[in-house]
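> So you can see what is in the structure, the chains are spelled out below.
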Amino acid sequence: MSRIGVFICHCGENISRTVDVERVALEVGKLPGVSFSTDYKYMCSDPGQNLLKKAIQEQKLTHIVVAACSPRMHEKTFRKAVEAAGLNPYLCEMANIREHCSWVHENREEATVKATEIVGMMVERVKKNRVLPTITVPVTKRSLVIGGGIAGIQAALDIADCGHEVILVEREPSIGGHMAQLSETFPTLDCSQCIMTPKMVDVANHPKIKLYTYSEIELVEGYIGNFQVTIKKRARSVDEDKCTGCGVCMTKCPQKKIPNKFDQNIGMRTAIYVPFPQAVPNTPVIDRDNCTWYKTGKCGVCQKVCGPGAVDFEQQDKLIVEAVGAIVVATGFDLYSIDEKPKGSPIKGYGEFGHGKIPDVIDGMTFERLASASGPTGGKILRPSDGKEPKQIVFIQCIGSRAREKGISYCSKVCCMYTAKHTMLYHHKVHDGQAYVFFMDARTPGKSYDEFWRRSIEEEEAVYIRGMVSRLYQKGDKIVVMGSDIAVGVQVEIEADMVVLATAVQPQKGAELLAQKLGISYDKYNFYSEAHAKLRPVECATAGIYLAGACQGPKDIPETVSQASAAAAKVMTLFSKDQLEREPIVARVKESGCVGCFACKKVCAYGAVEEKEIRDRQGNLIKTVAFVNPGVCAGCGTCQATCPSKSVELDGYTDEQVIAMIEAL
Amino acid sequence: MPLTSQPIDTSIYSAITDAIKTEAERILTEGQVTAVVGYAAARRKGSAQPIIITEATDAAKLIFTAACVNNLAVYLTKAKKEVPKSGKIGIVVKGCDLKALTGLMGESQLKREDLYLIGVPCAGVLGSTVQPATGLTTDTIAPKCTECDAHLPTGCDFVPLQTPVTPELEQKYATEIARLEALTPAERWAYWKEQFSKCIKCYACRQVCPFCFCEQCLCDRNKPQMVDTTPRPAGNTAWHIVRAMHLAGRCAGCAECERVCPMDIPLNLLNRKMAKELKELYDHEAGFEVLDKGPLNSYTDKDDQSFIK
Chain A
26 MSRIGVFICH CGENISRTVD VERVALEVGK LPGVSFSTDY KYMCSDPGQN
76 LLKKAIQEQK LTHIVVAACS PRMHEKTFRK AVEAAGLNPY LCEMANIREH
126 CSWVHENREE ATVKATEIVG MMVERVKKNR VLPTITVPVT KRSLVIGGGI
176 AGIQAALDIA DCGHEVILVE REPSIGGHMA QLSETFPTLD CSQCIMTPKM
226 VDVANHPKIK LYTYSEIELV EGYIGNFQVT IKKRARSVDE DKCTGCGVCM
276 TKCPQKKIPN KFDQNIGMRT AIYVPFPQAV PNTPVIDRDN CTWYKTGKCG
326 VCQKVCGPGA VDFEQQDKLI VEAVGAIVVA TGFDLYSIDE KPKGSPIKGY
376 GEFGHGKIPD VIDGMTFERL ASASGPTGGK ILRPSDGKEP KQIVFIQCIG
426 SRAREKGISY CSKVCCMYTA KHTMLYHHKV HDGQAYVFFM DARTPGKSYD
476 EFWRRSIEEE EAVYIRGMVS RLYQKGDKIV VMGSDIAVGV QVEIEADMVV
526 LATAVQPQKG AELLAQKLGI SYDKYNFYSE AHAKLRPVEC ATAGIYLAGA
576 CQGPKDIPET VSQASAAAAK VMTLFSKDQL EREPIVARVK ESGCVGCFAC
626 KKVCAYGAVE EKEIRDRQGN LIKTVAFVNP GVCAGCGTCQ ATCPSKSVEL
676 DGYTDEQVIA MIEAL
Chain B
9 MPLTSQPIDT SIYSAITDAI KTEAERILTE GQVTAVVGYA AARRKGSAQP
59 IIITEATDAA KLIFTAACVN NLAVYLTKAK KEVPKSGKIG IVVKGCDLKA
109 LTGLMGESQL KREDLYLIGV PCAGVLGSTV QPATGLTTDT IAPKCTECDA
159 HLPTGCDFVP LQTPVTPELE QKYATEIARL EALTPAERWA YWKEQFSKCI
209 KCYACRQVCP FCFCEQCLCD RNKPQMVDTT PRPAGNTAWH IVRAMHLAGR
259 CAGCAECERV CPMDIPLNLL NRKMAKELKE LYDHEAGFEV LDKGPLNSYT
309 DKDDQSFIK
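Going line by line, the protein sequences match chains A and B.
Counting in the numbering used here, the first sequence runs from 26 upward without gaps.
Counting in the numbering used here, the second sequence runs from 9 upward without gaps.
No lab work stands behind these hints: they were computed from the structure.
Please read all numbers here as calculations on a predicted model, not as lab measurements.
Treat each hint with caution, since some may be false.
Distance condition first, Cα-Cα at most 27 Å in a straight line; then the derived DSSO-like pairs of lysine-lysine [as the list claims (entries may be wrong)]: (1) A/Lys224 to A/Lys549; (2) B/Lys180 to B/Lys317; (3) B/Lys88 to A/Lys637; (4) B/Lys88 to A/Lys648; (5) B/Lys231 to A/Lys153; (6) B/Lys287 to A/Lys627; (7) B/Lys301 to A/Lys549; (8) B/Lys96 to A/Lys637; (9) A/Lys637 to B/Lys89; (10) B/Lys180 to A/Lys627; (11) B/Lys180 to A/Lys671; (12) A/Lys671 to B/Lys53; (13) B/Lys301 to B/Lys119; (14) B/Lys180 to A/Lys637; (15) B/Lys88 to A/Lys671; (16) A/Lys503 to A/Lys454; (17) A/Lys559 to A/Lys472; (18) B/Lys86 to A/Lys648; (19) B/Lys86 to A/Lys549; (20) B/Lys119 to A/Lys55; (21) A/Lys671 to B/Lys209; (22) A/Lys258 to A/Lys542; (23) A/Lys153 to A/Lys139; (24) A/Lys648 to B/Lys93; (25) A/Lys286 to A/Lys382; (26) A/Lys282 to A/Lys413; (27) B/Lys89 to A/Lys615; (28) B/Lys301 to A/Lys615; (29) B/Lys317 to A/Lys648; (30) B/Lys310 to A/Lys431; (31) A/Lys648 to B/Lys89; (32) A/Lys637 to B/Lys209; (33) A/Lys549 to B/Lys317; (34) A/Lys671 to B/Lys29.
Example chain A residues on the side facing chain B (calculated, C-beta under 10 Å, incomplete) [claimed, not checked]: (35) Asn39; (36) Lys615; (37) Cys619; (38) Pro669; (39) Asp676.
For every residue, glycine included, the Cβ atom is placed at its ideal position computed from N, Cα and C.
Turn these sequences into a full structure, and let the hints guide you.
What follows is the structure, encoded as structure tokens:
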């Protein structure tokens, strides 16, 4: 026989204003099985919880109903209190008489009746509650970081510095990401490479970091604490163990006119190449699409000149499986390609700005490469078309961003600041030049950010024109920029030598495919979604997977680095225990009724359902049934709703409990 | 549309019978299968019944006629114990029966490699076996055969080389569904309430359905009791709605439920209506292709959401 205790909270006046709590306590006290009922002003307060604990001991209570606010608010609080008093926490249920009753009703009499019924339902439900033991899952204390930009590097270093092994996977031949492409960084104008490359070298030298470059994630299986990740290591055609990074192969390669992606295709590279001189690892890769040997079967010069014999034309892609306990996703961003409308995308292009047609209309990242000392022009600002120094330069902001009609409604966040930086870099390098900026408004919150922007206008002579550009066209060797200055209310026409477009920040191409492999959610732009916008900003809804950097939304470097360290801290929190504790609200299969149709397996969004063979003592197969892995199950209940024979139930939400609640009404 | 009853040509059935006998004898002799599930003549003249043979000498018993109405797929589901558990099983299938087998493969109940499929080119079978010796005509043909799109099963291991010829017939279920859809919801509810009120809860529809393969039907559960088990209106309605919903997106249209119903409840009419909804909403039709996920177990962002109001 159950001895149920019912505790009714006034919630200050939140509940007691509309509900006669004393009468509810009196009424539910008469229900069969209820041996104690009382009310208190603040049940969640220390005295309230002590009242509950004391009653459990003195009245020898077996089940508890707390009638108060939403279980999302205080279920954990009361289950902890119940556990402290010696009961299994899952023998405590909450009846929500605040959000579901007092807050939404005015009539005291009716609200009191309704509150009594809500509590009565939970009394019937709690009678069917079972003791549920906490689930413990072992944790593999190694982590995977996907993406070797500044976010991935920072997260990997932080985790590795704590003594845990890190697998860092990068798609490109070198780590470094977009930050390695930048010339100087705002708001201090320190050289990006100077602050980035030491970190890259730290990664390469760290005994706890295993680096896979030119590699991609093929498959992710498992769950928090126990992931199995298959990594596809693409054939580099160069043996990493033998290569000394001397670079002779690159100097001898006859294919020298291949646009280098790292230099935004304005610089050239060879077919065997490292994307940039400070690359980590400093091991070249052969671009098989452009290599003479792969195209014609002849040449092989690099192999001949390679002293240690590292060039290997026969090298194959390799699949490597790594076991990890946590995953940090740091895949970063890509710049919006404005000249063409991406196929099948709701995003419209900006053909009117001539990007891709007029050679001297470039995007912000290309300007970074022009300004970079290690870039294709050695840091001189020269036009791509004829190599002349532009004397009039126009920057246009918000290309793609904040334009709902073009398909992207968000602000890309970094463009205001980097355009201000560009005007300064330009002014430092072309003293007699003039920079103009067309802008909607300047968004410069952040430490020393607004001062930086003001400096570009007040000290570095950039002319800011508030208004948008309507049209650009080539006229001789000039680009005519037509726009309006809405502050003055006049039309503006500038004959520019070069135009720089601040294009929108987008997730990496194929970001949604990786999300599907990982089982994490993403928004309509394919940015990855955090579990809670404010309170869980670095965690995914899928346990054990964390986000860092611009893959989640546009971010600048300081923010990215902060988030990467935050994600690392989350990983370390997970790794601080040998066993992970999980809520036992998970699905359980009744094997006697299961006929193995595996509808549950097909609908499970978490991959928690497995096939299990049931054999007799002789080892003959009797049947194959579904098995829910409690370590993976998120307790969503979709399997329960799908099972045709009702052979899978969610603990804590069984059909028996739900029907008991309905019958109590 | 023919106004008077016209005979339907079933002359190919004797050649099919011979081909089935030869093939069954061969696969049993060669040990390719441990048993063959097929049809044999029953006691009354012209009648047929299911048979499971395990000896090559019994292959001569196999027949195919217009009285071979049963969907033999039901003998392969887990709830049925007559068929040997080990080895490959041969089975005689009409198009509609093959759709059921296909569905069962998609639901992990059967494996294609465990089956030897003997497909039957079928011009149609009788609607009722009360008079099994009756000739097949536009009047006596089963209503399901008037809407059949699978006279010739495909993807089988063996199909006799015959081409069934069926005249264009009035689609009986489509006509009836159109009539019901024209009614008001209240009238339609009254119609079904009347139909369900006839139910005596004999569960013949459940026993004969290849898709009712659960070892313990949820309608037999008593802790908690999901459906009232006595033949009273509330429980009857609950049972028939559970049955229809559980078959939505799965039913192969063999209409065995309707054939065996002693109270003449138009069960396949309800199944066809559900099938029509599935076709309209999710572009799904039962066919010969094994689906990994049925239409109600999969989700895409293109799914119709107009029902959310």
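> Now, for every hint given, state plainly whether the structure supports it.
Structure-based check of each hint:
{"no.": "1", "hint": "A/Lys224 to A/Lys549", "in the structure": "33 Å, violated"}
{"no.": "2", "hint": "B/Lys180 to B/Lys317", "in the structure": "33 Å, violated"}
{"no.": "3", "hint": "B/Lys88 to A/Lys637", "in the structure": "22 Å, holds"}
{"no.": "4", "hint": "B/Lys88 to A/Lys648", "in the structure": "14 Å, holds"}
{"no.": "5", "hint": "B/Lys231 to A/Lys153", "in the structure": "11 Å, holds"}
{"no.": "6", "hint": "B/Lys287 to A/Lys627", "in the structure": "21 Å, holds"}
{"no.": "7", "hint": "B/Lys301 to A/Lys549", "in the structure": "25 Å, holds"}
{"no.": "8", "hint": "B/Lys96 to A/Lys637", "in the structure": "23 Å, holds"}
{"no.": "9", "hint": "A/Lys637 to B/Lys89", "in the structure": "22 Å, holds"}
{"no.": "10", "hint": "B/Lys180 to A/Lys627", "in the structure": "35 Å, violated"}
{"no.": "11", "hint": "B/Lys180 to A/Lys671", "in the structure": "35 Å, violated"}
{"no.": "12", "hint": "A/Lys671 to B/Lys53", "in the structure": "45 Å, violated"}
{"no.": "13", "hint": "B/Lys301 to B/Lys119", "in the structure": "16 Å, holds"}
{"no.": "14", "hint": "B/Lys180 to A/Lys637", "in the structure": "45 Å, violated"}
{"no.": "15", "hint": "B/Lys88 to A/Lys671", "in the structure": "20 Å, holds"}
{"no.": "16", "hint": "A/Lys503 to A/Lys454", "in the structure": "20 Å, holds"}
{"no.": "17", "hint": "A/Lys559 to A/Lys472", "in the structure": "21 Å, holds"}
{"no.": "18", "hint": "B/Lys86 to A/Lys648", "in the structure": "10 Å, holds"}
{"no.": "19", "hint": "B/Lys86 to A/Lys549", "in the structure": "45 Å, violated"}
{"no.": "20", "hint": "B/Lys119 to A/Lys55", "in the structure": "58 Å, violated"}
{"no.": "21", "hint": "A/Lys671 to B/Lys209", "in the structure": "20 Å, holds"}
{"no.": "22", "hint": "A/Lys258 to A/Lys542", "in the structure": "17 Å, holds"}
{"no.": "23", "hint": "A/Lys153 to A/Lys139", "in the structure": "22 Å, holds"}
{"no.": "24", "hint": "A/Lys648 to B/Lys93", "in the structure": "11 Å, holds"}
{"no.": "25", "hint": "A/Lys286 to A/Lys382", "in the structure": "18 Å, holds"}
{"no.": "26", "hint": "A/Lys282 to A/Lys413", "in the structure": "21 Å, holds"}
{"no.": "27", "hint": "B/Lys89 to A/Lys615", "in the structure": "22 Å, holds"}
{"no.": "28", "hint": "B/Lys301 to A/Lys615", "in the structure": "22 Å, holds"}
{"no.": "29", "hint": "B/Lys317 to A/Lys648", "in the structure": "43 Å, violated"}
{"no.": "30", "hint": "B/Lys310 to A/Lys431", "in the structure": "23 Å, holds"}
{"no.": "31", "hint": "A/Lys648 to B/Lys89", "in the structure": "14 Å, holds"}
{"no.": "32", "hint": "A/Lys637 to B/Lys209", "in the structure": "35 Å, violated"}
{"no.": "33", "hint": "A/Lys549 to B/Lys317", "in the structure": "23 Å, holds"}
{"no.": "34", "hint": "A/Lys671 to B/Lys29", "in the structure": "42 Å, violated"}
{"no.": "35", "hint": "Asn39", "in the structure": "33 Å, violated"}
{"no.": "36", "hint": "Lys615", "in the structure": "9 Å, holds"}
{"no.": "37", "hint": "Cys619", "in the structure": "8 Å, holds"}
{"no.": "38", "hint": "Pro669", "in the structure": "5 Å, holds"}
{"no.": "39", "hint": "Asp676", "in the structure": "16 Å, violated"}
Checked against the numbered hints above, the structure violates hints 1, 2, 10, 11, 12, 14, 19, 20, 29, 32, 34, 35, 39; every other hint is satisfied.
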